[in-house]
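Trainee: Chain residues, written in single-letter form:
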Amino acid sequence: MSKYRMHLLVCGGTGCVSSDSMLIVENLKKQIKANKLSDEVQVVATGCFGFCEKGPIVKVHPDNVLYVEVKPDDVTEIINEHVIKGRKVERLLYVEPTFEQRISEHKDMPFYKKQLRIALRNCGAIDPENIEEYIAADGYQAIGKILSEMTPAQVVDTMKLSGLRGRGGGGFPTGMKWDFASRNAADQKYVICNADEGDPGAFMDRSILEGDPHSVLEAMAIAGYAIGASKGYIYIRAEYPLAVKRLKIAIGQANEYGLLGKDIFGSGFDFSIELRYGAGAFVCGEETSLIQSIEGNRGEPTNKPPFPAEKGLWNKPTIVNNVETLANIPVIFLKGAEWFSSIGSAKSKGTKVFALAGKVNNVGLVEVPMGMTLREIIFDIGGGIKDGKKFKSVQTGGPSGGCITAANLDTPIDYDNLIAIGSMMGSGGMIVMDEDDCMVNIAKFYLEFTMDESCGKCTACRIGNKRLYEMLTRITEGKATPDCLDELKELSMIIKDTALCGLGQTSPNPVLSTLTHFYDEYKAHVFEKRCPAGVCQALSVYTIIEDKCIGCTACARVCPPKCISGSVKKPHVINQDKCIKCGACLKACAFDAVDKK
Amino acid sequence: MTKMKSLDELKAIREKLKNNMSVRNEDEGVIKVIIGMATCGIAAGARETFNAMSEKAIELGMDNIKFVTAGCMGSCFAEPTVEVQVPGQESILYGYVDAAKGVEIVEKHLKNGALVENLIIGQPFEKA
Amino acid sequence: MCTNELLHEKFVELDAFIDGLEEKEGSLITVLHKTQELFGYLPKEIQLHVARKLDIPAAKVNGVVTFYSYFTETPRGEFIINVCMGTACFVRGAEELLKEIQDKLKIKAGQTSTDGKFSIDALRCVGACGLAPVVMVNGKVYGRVKKEQLDDILATCVSENA
Chain A
-2 MSKYRMHLLV CGGTGCVSSD SMLIVENLKK QIKANKLSDE VQVVATGCFG FCEKGPIVKV
58 HPDNVLYVEV KPDDVTEIIN EHVIKGRKVE RLLYVEPTFE QRISEHKDMP FYKKQLRIAL
118 RNCGAIDPEN IEEYIAADGY QAIGKILSEM TPAQVVDTMK LSGLRGRGGG GFPTGMKWDF
178 ASRNAADQKY VICNADEGDP GAFMDRSILE GDPHSVLEAM AIAGYAIGAS KGYIYIRAEY
238 PLAVKRLKIA IGQANEYGLL GKDIFGSGFD FSIELRYGAG AFVCGEETSL IQSIEGNRGE
298 PTNKPPFPAE KGLWNKPTIV NNVETLANIP VIFLKGAEWF SSIGSAKSKG TKVFALAGKV
358 NNVGLVEVPM GMTLREIIFD IGGGIKDGKK FKSVQTGGPS GGCITAANLD TPIDYDNLIA
418 IGSMMGSGGM IVMDEDDCMV NIAKFYLEFT MDESCGKCTA CRIGNKRLYE MLTRITEGKA
478 TPDCLDELKE LSMIIKDTAL CGLGQTSPNP VLSTLTHFYD EYKAHVFEKR CPAGVCQALS
538 VYTIIEDKCI GCTACARVCP PKCISGSVKK PHVINQDKCI KCGACLKACA FDAVDKK
Chain B
9 MTKMKSLDEL KAIREKLKNN MSVRNEDEGV IKVIIGMATC GIAAGARETF NAMSEKAIEL
69 GMDNIKFVTA GCMGSCFAEP TVEVQVPGQE SILYGYVDAA KGVEIVEKHL KNGALVENLI
129 IGQPFEKA
Chain C
156 MCTNELLHEK FVELDAFIDG LEEKEGSLIT VLHKTQELFG YLPKEIQLHV ARKLDIPAAK
216 VNGVVTFYSY FTETPRGEFI INVCMGTACF VRGAEELLKE IQDKLKIKAG QTSTDGKFSI
276 DALRCVGACG LAPVVMVNGK VYGRVKKEQL DDILATCVSE NA
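Chains as they are written, first to last, in the working numbering: chain A, -2 to 594; chain B, 9 to 136; chain C, 156 to 317.
If you're looking for bench data, these hints aren't it; they were derived computationally from the structure. Since we're looking at a predicted model, the values are computed, not measured. C-beta: ideal position from N, C-alpha, C; glycine also. Please note that a few of the clues may not be correct.
Claimed, not checked - In silico PhoX-like cross-links for lysine-lysine, where the CA-CA straight-line distance does not exceed 20 angstroms: (1) A:Lys578 to A:Lys526; (2) A:Lys545 to A:Lys526; (3) A:Lys313 to C:Lys179; (4) B:Lys19 to A:Lys332; (5) C:Lys302 to A:Lys584; (6) A:Lys142 to B:Lys13; (7) A:Lys313 to A:Lys228; (8) A:Lys142 to B:Lys19; (9) C:Lys179 to A:Lys228; (10) B:Lys26 to A:Lys142.
Unchecked claim - FRET-style restraints, in silico, Cβ to Cβ: (11) B:Lys13 to A:Gly249: 14 to 24 angstroms; (12) A:Ile577 to C:Arg231: 26 to 36 angstroms; (13) B:Asn27 to C:Asp210: 49 to 59 angstroms; (14) A:Asp407 to B:Lys13: 52 to 62 angstroms; (15) A:Lys110 to B:Lys26: 22 to 32 angstroms; (16) C:Ser268 to A:Ile577: 20 to 30 angstroms; (17) A:Lys545 to C:Lys295: 54 to 64 angstroms; (18) C:Ser268 to B:Gly96: 33 to 43 angstroms; (19) A:Val92 to B:Lys11: 38 to 48 angstroms; (20) B:Gly96 to A:Glu146: 33 to 43 angstroms; (21) B:Leu68 to A:Lys110: 32 to 42 angstroms.
Work out the full structure, taking the sequences as your base and the hints as a guide.
Mentor: Printed below as a string of structure tokens:
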């Protein structure tokens, strides 16, 4: 490069070429010649600069000047000003975005923009093991304000006014629950925090307990004051060791600061909290089972009524609130019930935390105002379906919920609308499924879960769900009889009507909702013995494509029942009667000659 | 810590804590680095990231960094996640931060004030 | 002799724990958690001991032990491999992983290998759905696991604990 005093590098990448960079090269060469600079300045068309969005690009060497969005007409100015007079052409210069400008580009990302964090307000923002960080974030201000300014009745009224509904699944108005318990006179009452998060695919409660345990403790104290309880229990899964550890630290610190314990803020109000561990029983998320478990018994549900608000733990009035519900409460008292009820839809106030997972790009814990559509959650926040596949269904409400199809993507999500489209809110698990998921298999997956988790107390759930599971297994194995679909539906309805508790009553929901929305898929399994998604192993058919098979014998050698025949260097054939659908041949073939349908 | 006996006492403590944090942050240019350490963050290697970042900061002699181990930040797809709050600037959320990338953030962003563009996943949320 | 002494110490610790409880009523599950933590599992003799100590029928203790999946009456392997079968992991291939691990170790979920080294369990959601599919070995979580990585995972956990 020593020969020339200056090099003009023009980007010759595809992007720039398509916006006339070659014409720029031509014009530059012409004008350099016209100005008799050919010995001093060289024009070079280079490879891609990787800055295609600002192309065409011209770089001046050795001045290290970068011109962007250059048009062929700009060449005269570059030559006259820069090359001859040594002055930069300001208007073409690339200006590096400032710090603030760069940030603003990220600010508009929908994953963050569409969310509003109330229950998760402190999660990921404060150190959960340091009470001072919670206090600095307005922590324990709500209980302080309540104890010095409000009567228990006013607290209950505020809760009713806020419109907060239980976030654990049922959506029962929290204020009403508190109201019932406060009206039942007793020498002792209890506040229980239900932290037995068991829905597969939901982890918001764990995240709150791990990220902001004090907000739950503060809310329990508020509830205690409202209903007249001095004792609280947190019933938490033993499978959440980190959450347990952080809760223990938090309770210890709150006691030390006098924010729990005797005579809080000199008001005469006492409130203490103890932990109780679950032991891996899904049914214990149901409030009457949970109470049984805290009492040290098998976690079997009891009949309602009497409701816990009347006769709960040790037969005393008890309220059971879920973690996420509680995490909302301190803010309601700091910002007001009106503020809270201004967020959300007509009958579902505030926000809901969803655990967005499955076949979606941005798996995450998202908190959005009630009334947002599934489309916004899955496609804007979730960034759409993984690997560019087609959306098939989204499952909400865990094993008690149902599958929602593309037809309902624009339904605003709240408690009532979800029930109307055959699913439910549940604890907020949201599992996205794509075209590769078999809906019969998904229904079978949930039934296996409820079958395992049934406590066995009532026949409908204990035996009914086992029979449902067996029917679904037969369908996925291609052994079902033509009338099995009607039987499946009938048995589902019977279980729904006769089971004792919430677990049994909702357990057939995954079957019913997939039967409604994906009847064709069931029919394909039953009548054509075919799994459209290609998931059900027993229904797949393996064939060897004659044109592609070179006769290497690799497949025949690995086939367990030895049902592949053919001689060396000749196409092989699979004996369909003997094939056990193991897929070994597909894995063994190096020439893509085995086809699976 | 003696037990608090009134709401005023709590308010006074809150003001003191708030002041402590903000005064220290603005006057001394304390950079706050928040690392998401919920179960999934830890499983994805957040503890290694935290260790590597704090070791690098010590090695570079930076005593104006406050590391906070927090809970879940919600961006599970990009664990481990790290938020950097430089006083007077809007905070930045980094994703996919393994130990090596954590060191890169300390060297570039914390030490020299330059963003590590390819790791930025966004901005913290609107909060109640 | 040595093991007997060790066992004796554990019983002493358990008794001290039970005696230290503020209220015995309703404490059964708490006590069983402590017992399993100490002994690793809950065989009949130990269940009987707990029943006598708490002055409740042994049938009740056994009823509770068998109701909750967290409690086990048989000893577990040195390495407990938990495959998360939560929905998020399921739709991202956890079923295949479980199958592969069962084939590799030649035991089914819920069983322990004859050498007492490995136990396999299918677990309901670890809550790390962002990392699906997830496999947990003795509490350590491995995320986005592929079938090909299983050998490495098993080998590293064995060598790390050697």
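Trainee: Each hint: holds or not?
Mentor: Taking the hints in turn, this is what the structure says about them:
For the hint pairing A:Lys578 with A:Lys526, the CA-to-CA distance comes to about 14 angstroms; that is within 20 angstroms, so the pair holds. A hinted pair counts as satisfied when its Cα atoms are at most 20 angstroms apart, and A:Lys545 with A:Lys526 does not qualify at roughly 27 angstroms. Between A:Lys313 and C:Lys179 the CA atoms are separated by roughly 18 angstroms; this keeps the pair inside 20 angstroms, and the hint holds. Distance hint between B:Lys19 and A:Lys332 is fulfilled; the C-alpha atoms sit about 16 angstroms from each other, no more than 20 angstroms.
This hinted pair checks out: C:Lys302 and A:Lys584 have alpha carbons roughly 13 angstroms apart, not beyond 20 angstroms. Pair hint A:Lys142 plus B:Lys13 holds up; C-alpha atoms about 13 angstroms apart against a cutoff of 20 angstroms. Annotation: proposed proximity of A:Lys313 to A:Lys228 holds, straight-line Cα distance about 12 angstroms (limit 20 angstroms). At roughly 10 angstroms between alpha-carbon atoms, A:Lys142 and B:Lys19 fall within 20 angstroms of each other, so this suggested pair holds.
Pair hint C:Lys179 plus A:Lys228 holds up; C-alpha atoms about 17 angstroms apart against a cutoff of 20 angstroms. Between the alpha carbons of B:Lys26 and A:Lys142 the distance comes to roughly 19 angstroms, so the proposed pair stays at or under 20 angstroms and holds. For B:Lys13 paired with A:Gly249, a C-beta distance near 19 angstroms keeps the hint of 14 to 24 angstroms intact. A hinted range of 26 to 36 angstroms holds for the C-beta pair A:Ile577 and C:Arg231, which are about 33 angstroms apart.
In this structure the hint that B:Asn27 and C:Asp210 lie 49 to 59 angstroms apart at CB holds, the actual value being about 57 angstroms. In this structure the supplied range 52 to 62 angstroms holds for A:Asp407 paired with B:Lys13, their Cβ-Cβ distance being about 54 angstroms. Between A:Lys110 and B:Lys26, the C-beta spacing of about 27 angstroms keeps the proposed range 22 to 32 angstroms intact. Taken as a hint, the range 20 to 30 angstroms holds for the pair C:Ser268 and A:Ile577, whose Cβ atoms sit roughly 26 angstroms apart.
At roughly 43 angstroms, the beta-carbon separation of A:Lys545 and C:Lys295 lies outside the given 54 to 64 angstroms, and the hint is violated. Evaluation of the 33 to 43 angstroms hint for C:Ser268 and B:Gly96 yields a failure: the beta carbon distance comes to about 59 angstroms. At about 58 angstroms, the beta-carbon gap between A:Val92 and B:Lys11 misses the expected band of 38 to 48 angstroms. Between B:Gly96 and A:Glu146, the C-beta spacing of about 37 angstroms keeps the proposed range 33 to 43 angstroms intact.
For the pair B:Leu68 and A:Lys110, the supplied restraint of 32 to 42 angstroms holds, since their beta-carbon distance comes to about 35 angstroms.
Checked against the numbered hints above, the structure breaks hints 2, 17, 18 and 19 and satisfies the rest.
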